[in-house]
Each structure stands twice: as structure tokens, then as C-alpha cells.
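Since the structure of chain A is provided, determine the placement of chain B on it from the hints.
2 protein chains.
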Amino acid sequence: MRAITIPEFGDEQVLTLADVPDPTPGPGDVLIDVAAAGVNRADLLQRKGFYDPPAGASPLPGLEVSGTVAAVGADVTDWRPGDRVCALLTGGGYAQQVVVPAGQVLPVPEGVDLVDAAGLPEVVCTVWSNVFDTARLRAGDVLLIHGGSSGIGTMAIQLAVAAGATVAVTAGTAAKLDACRDLGATILINYREEDFVTELSRLTDGHGADVILDVIGAKYLDRNVSALADGGRLVVIGLQGGATAELNLGKLMATRGSVIGTTLRSRTDADKARVVAGVREQAWPLIEAGTVRPIIFERVPFAEAPRAHRILADSHHVGKVLLVP
Amino acid sequence: MRAITIPEFGDEQVLTLADVPDPTPGPGDVLIDVAAAGVNRADLLQRKGFYDPPAGASPLPGLEVSGTVAAVGADVTDWRPGDRVCALLTGGGYAQQVVVPAGQVLPVPEGVDLVDAAGLPEVVCTVWSNVFDTARLRAGDVLLIHGGSSGIGTMAIQLAVAAGATVAVTAGTAAKLDACRDLGATILINYREEDFVTELSRLTDGHGADVILDVIGAKYLDRNVSALADGGRLVVIGLQGGATAELNLGKLMATRGSVIGTTLRSRTDADKARVVAGVREQAWPLIEAGTVRPIIFERVPFAEAPRAHRILADSHHVGKVLLVP
Numbered sequence: 001m002r003a004i005t006i007p008e009f010g011d012e013q014v015l016t017l018a019d020v021p022d023p024t025p026g027p028g029d030v031l032i033d034v035a036a037a038g039v040n041r042a043d044l045l046q047r048k049g050f051y052d053p054p055a056g057a058s059p060l061p062g063l064e065v066s067g068t069v070a071a072v073g074a075d076v077t078d079w080r081p082g083d084r085v086c087a088l089l090t091g092g093g094y095a096q097q098v099v100v101p102a103g104q105v106l107p108v109p110e111g112v113d114l115v116d117a118a119g120l121p122e123v124v125c126t127v128w129s130n131v132f133d134t135a136r137l138r139a140g141d142v143l144l145i146h147g148g149s150s151g152i153g154t155m156a157i158q159l160a161v162a163a164g165a166t167v168a169v170t171a172g173t174a175a176k177l178d179a180c181r182d183l184g185a186t187i188l189i190n191y192r193e194e195d196f197v198t199e200l201s202r203l204t205d206g207h208g209a210d211v212i213l214d215v216i217g218a219k220y221l222d223r224n225v226s227a228l229a230d231g232g233r234l235v236v237i238g239l240q241g242g243a244t245a246e247l248n249l250g251k252l253m254a255t256r257g258s259v260i261g262t263t264l265r266s267r268t269d270a271d272k273a274r275v276v277a278g279v280r281e282q283a284w285p286l287i288e289a290g291t292v293r294p295i296i297f298e299r300v301p302f303a304e305a306p307r308a309h310r311i312l313a314d315s316h317h318v319g320k321v322l323l324v325p
Numbered sequence: 001m002r003a004i005t006i007p008e009f010g011d012e013q014v015l016t017l018a019d020v021p022d023p024t025p026g027p028g029d030v031l032i033d034v035a036a037a038g039v040n041r042a043d044l045l046q047r048k049g050f051y052d053p054p055a056g057a058s059p060l061p062g063l064e065v066s067g068t069v070a071a072v073g074a075d076v077t078d079w080r081p082g083d084r085v086c087a088l089l090t091g092g093g094y095a096q097q098v099v100v101p102a103g104q105v106l107p108v109p110e111g112v113d114l115v116d117a118a119g120l121p122e123v124v125c126t127v128w129s130n131v132f133d134t135a136r137l138r139a140g141d142v143l144l145i146h147g148g149s150s151g152i153g154t155m156a157i158q159l160a161v162a163a164g165a166t167v168a169v170t171a172g173t174a175a176k177l178d179a180c181r182d183l184g185a186t187i188l189i190n191y192r193e194e195d196f197v198t199e200l201s202r203l204t205d206g207h208g209a210d211v212i213l214d215v216i217g218a219k220y221l222d223r224n225v226s227a228l229a230d231g232g233r234l235v236v237i238g239l240q241g242g243a244t245a246e247l248n249l250g251k252l253m254a255t256r257g258s259v260i261g262t263t264l265r266s267r268t269d270a271d272k273a274r275v276v277a278g279v280r281e282q283a284w285p286l287i288e289a290g291t292v293r294p295i296i297f298e299r300v301p302f303a304e305a306p307r308a309h310r311i312l313a314d315s316h317h318v319g320k321v322l323l324v325p
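These protein sequences, in sequence, are chains A and B.
Quick note on numbering: our numbering labels position 172 of the first sequence as 172, and the sequence is numbered without any gaps.
Quick note on numbering: our numbering labels position 174 of the second sequence as 174, and the sequence is numbered without any gaps.
So that you can see chain A by itself, here it is in the shape it has in the complex (with noise of 0.2 Å):
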């Protein structure tokens, strides 16, 4: 089959679609025939060898595809050839095929289009394991996504906003504000023009974030430990701003506040499968009623994978990347 491969470390540049062997599922797999491949920030790292593939996983790019199932291995009897499925991936993505364990597999929702289904089981899994699962948001909590704009910012404000919370985010141009105003959110800050901190204070009334979610980390960990609500959890998702800062205990339990690090690749299969079946109870109803929808920014054919990598390092995109075999 074809795939997008990384034969070297190193720009866009690098990534090469060449001819590599068929995968075949293992008794527990799911063999699918990709019809996209959703593009995350993850993939970038991956590209310039900074984030290995977990031992065990596809060498290939990829967290996440939609497809046709092509073929189920002996112990599967959840899903069958011919259905129309996304799958939350280790790795392997970027490739006309893929195999997946079947706890990761979730059917296309009702009413959305199959290569889009390539945009949600990574922005959906993330924005529930951490948001709701992990941080527990409920109902008039405040919620500030690092992000908005973003695959799983656009995701989390309209995942949060139907659970009845109000939602604040950061953004950098006033073109994205406006995207995640449309989505919901009530809180817009233009990190390039003001403090984030003040900003969300003056905006609640002094109360902050009840859960921030956050793909910035050193460069924000001081000031979100400064914007959490009593009792608010901070969870760090991505390193964009670095991995490592000083962080003030007194300030934390001041608020009796938590930070919290994840991430989604490093879980267990079992895990993983836990995270898909509470998104597919919690999350894809609200996707089949309407409520929220994904967000897509382009969809790029394979051929042109280095310039769906730099659309994500340029950051002028709303919503997600998608590539198309």
C-alpha cells in the first residue's frame, strides 16, 4: 500500500509517500481502508523526532482515520467489513490502510460526511478524557481553552458549551475569536494584546477557571496556576511553550488547585478503549443531534502532506487538517 512515511528526521520536506507492506490484524484488530487521516500537532513532533512512537506502534504517522472496514480479526464481533468507522490510532494513520484494536474503533456518526469522521476521534478522546473524565467539568463551570481555535480548541468549546459551561479562550488574531465566538465561546482574549490572567479575572468577577485546558505549558504554568477558580484543574496537554517552569505550591493550595499532565497516545489499549466508549456514550449523541459537528479547516491530498504539516506550524487554520489518500 501507499503511506506517508518519515524516512528521516527533519522540515515538512521529509515526509514521502512510498509503497511500504500490507498491515494485517492480529485477532483482536480492525482493518480499515483509510479515507482520511486526521493531522495533529503530535505528527509534527513526530516528523523532527521528538516524540518516538509508543513500543508496540506503527512506525508511521497518524492518530487518527476514517474509513471502511476492510477486514475484522477472529476475536471481533463488533464490527464487520463494509461499515463506515473512525478509530482513535497509536500511530499509522498516514497510509491507504490501517489496523487498530476494535475498542478504538467508533461508528461515523450519523449526518457527518466520512473523510470529515477523520477529524473527531482525536480532538473528541482528548477533549473528553481531559476535560470531562479527568477535570471533571460540570454545569456553570468556567472553562478556559488555551487555543481556541484549534482541532481540539473548536471541539472543546462546543463539547463544553453543551454541557452548560461558560467557556473563555485565548487566540491570537481576531479572525479566530470570531470562529470561537460562533461556537460558543463568551470569553475571547487576544493573547497578543492582553493578559490572559486579568482578562478572565475581570470577565467572571475575580472567580477564574474551574478547568483550564492547556496546550502551552512552561510558558503559562505560573499564570494559569494564577487564573485557576478555588479548586480548579489544570490540565497540560501539549509542551508548545516548553516543558519545564517553576512552579509556585503556595499559590496551588492557595486555590487548592491541581495540575494535571496527560496524554492520550501513552494509554493503555484498555484505556484507550475506555476513553472511546465514554465518547461514544457521552459525546457522539451530541454529534448525531447536531449540536456539535466537526470543524475542518482543508482537506489535503496525500501527495501534499508536507504543506498540511506547514498549514499547522503556520497556525492561521481554524479547526482540523485532514489527509486524503
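Derived by calculation from the structure, the hints in this document are not laboratory data.
Don't take each hint at face value.
Any copy will do: because identical chains look the same in the list, a pair fits if it lies in one copy or spans two.
[What the hints assert, rightly or not] Simulated crosslink set (DSS-like; lysine-lysine; CA at most 25 Å straight-line): (1) K251 to K219; (2) K219 to K48; (3) K48 to K251.
Note that the coordinates shown come from a computational prediction; the quantities given were computed from them, not determined experimentally.
Frame of chain A, contents of chain B only:
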């Protein structure tokens, strides 16, 4: 009434037995004739001027007492004069009488001496709220307790063992580690001689700690994060080793770990009442069954309050120090 006051901040000698106005209960309060007051490390900080009482709290030190109900406010139906009780306070315990919201009062557990019961509220509420309510310790988990022979440590060991956890402790002398072993701790680490990260990993086959109860703060932050098991929760409740330290968020993400800072004293009355209710339901039966008991190091008369503080500062004790009017 007579009370131990802090006329000026300073060393133990500033503690002064003096006449102060009697407290009067509000409609939701209970007035207690104090049989004994527990001494906590926070009292030492308050004496030094490093820990101001929260707004509205008594300026007198003392976060827990036992005694007999002298009177109740008009709205109080759960308690009546003559009841033998102990209570979690926001301050004011170093006195012949103290007033406390009814929701923070507990009955003296059956089989426990009235004076000894003064050593229960703060430690049981601290351990229950942090280790069980916040950090969700479960049967089979590994709990690491820094300062296993302290008042909090000796209670945490007993409650965690009763819950089916494996308990690891650090302490600075063989005698203290012996006391921890007698209470049920099975992993005993002398922090003066061994690195707790290495030892804990070795003695748990690389698993680490599912929950860490920490009073050290900054000095241990990086090593505590290194000691966490996958999904582990570090709960920081004291800053004996400083407040500010570098946090490696990448390391935290790799184990999907949490750093949680908490204090009991700053919680609202409603939240304290919730904690007290949880303690009464889940911990009190273990004490009444004799499975868990207060560990009392010494009863010190009010007139010798400076010596009581010096015992905690010198840190050769095991368990709780009580002040008796």
C-alpha cells in the same frame, strides 16, 4: 476565660496564657468546654507570623479540640449540652472554651478517651479529604507518606492500611520507622540514608506511588513526580521544604500524573462540614472498631505551651501532642 495567646510573633516563648473574652455561639454554632487541644505544625507557623488566620477566624491558635458541649445556638439540633465531642476548627482551640459551626463537630468515638480525642479531628479530616476524597486511594494502591511518624503520618498509615493499600513511609530515624512499621507500613525508607525514589521503585517492582501525601513541598517536588506511578496523584499539604520549585511537565505527562495543593483551613464552612460528614461516615467506624486509633505522644499543660511547640519543632516525637487546659 484563659487562653494561650500570641501577643507578638516569634519563638515558642511568645505563647502567653492570658485572660480573654469568653466566646459566644451564633445561631448555628456549638460552644465547647475544651478538654484538650491538638497541636499542629500550622500553629507554629501562625505563631511565627507566617500563617494568618482566614478572615473571620479566631486570632487564637488551635485547629482542633475535644471537650463537652456547654451550649448550642438556636438553630442547632444535632448537639446538646453535655455531649462529648471533638471538632475541626478554623482557629481558637488553645482556650478553655471555643465556638465552632455545628457541621464541624464530631462525637467522641466509642472507646476513645475524651482527652485523646483532641488528636483526631485535624489528622483524620486531613487524611480523609486528601488521600481518599481528593486523591481517591483504592485498595491495592501504593501510598507514599513523607513524615510517616507525624500526627498526620501515623493516621494516614492506619487509614490506608485499613483501606487495603500498601503503605510506604519516609522518616529520619530507625525508631520512627519502627513506629510506622508497627502501625502497618511495609515499605520503610530512611530519607537520611536512602533516595526515596530509588527505594520505592525497587520495593514496588518499578510501580511507584499511586498517591503521595507530602508535607515537604518544593524540596521534594521533582523527586515526588519521579516517584509517581502511572496516573499517580501527588498531594502537597505542607511546605516544610519551601514553596517554589521547578516542575517538569513532560515528566508529569509521561506518567499522566497530578500535582494537587490543598489546605483544610481555607475551605469554606460548607466544605469543612462535607469533609467532617465523610469522616464520620467512613473513618469513625474504623476508630470505634479499634482498627484505627489516635496516636498520642504527650499531654502538655496549657502553662507549658512553649514546650509543646518545641516538641513539634524538634521533631523527635511520634504522633500527636495535646495541650490540656
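Here is how each hint holds up against the structure:
1. Within a single copy, K251 and K219 get their C-alpha atoms as close as 17 Å, and across copies as close as 16 Å, so both meet the 25 Å cut-off.
2. Taking the closest pair of Cα atoms, K219 and K48 come within 25 Å of each other only inside a single copy of the chain (21 Å); across copies the shortest separation is 34 Å, beyond that limit.
3. Taking the shortest alpha-carbon separations for K48 and K251, only the inter-copy value of 20 Å comes in at or below 25 Å, while the best intra-copy value is 36 Å.
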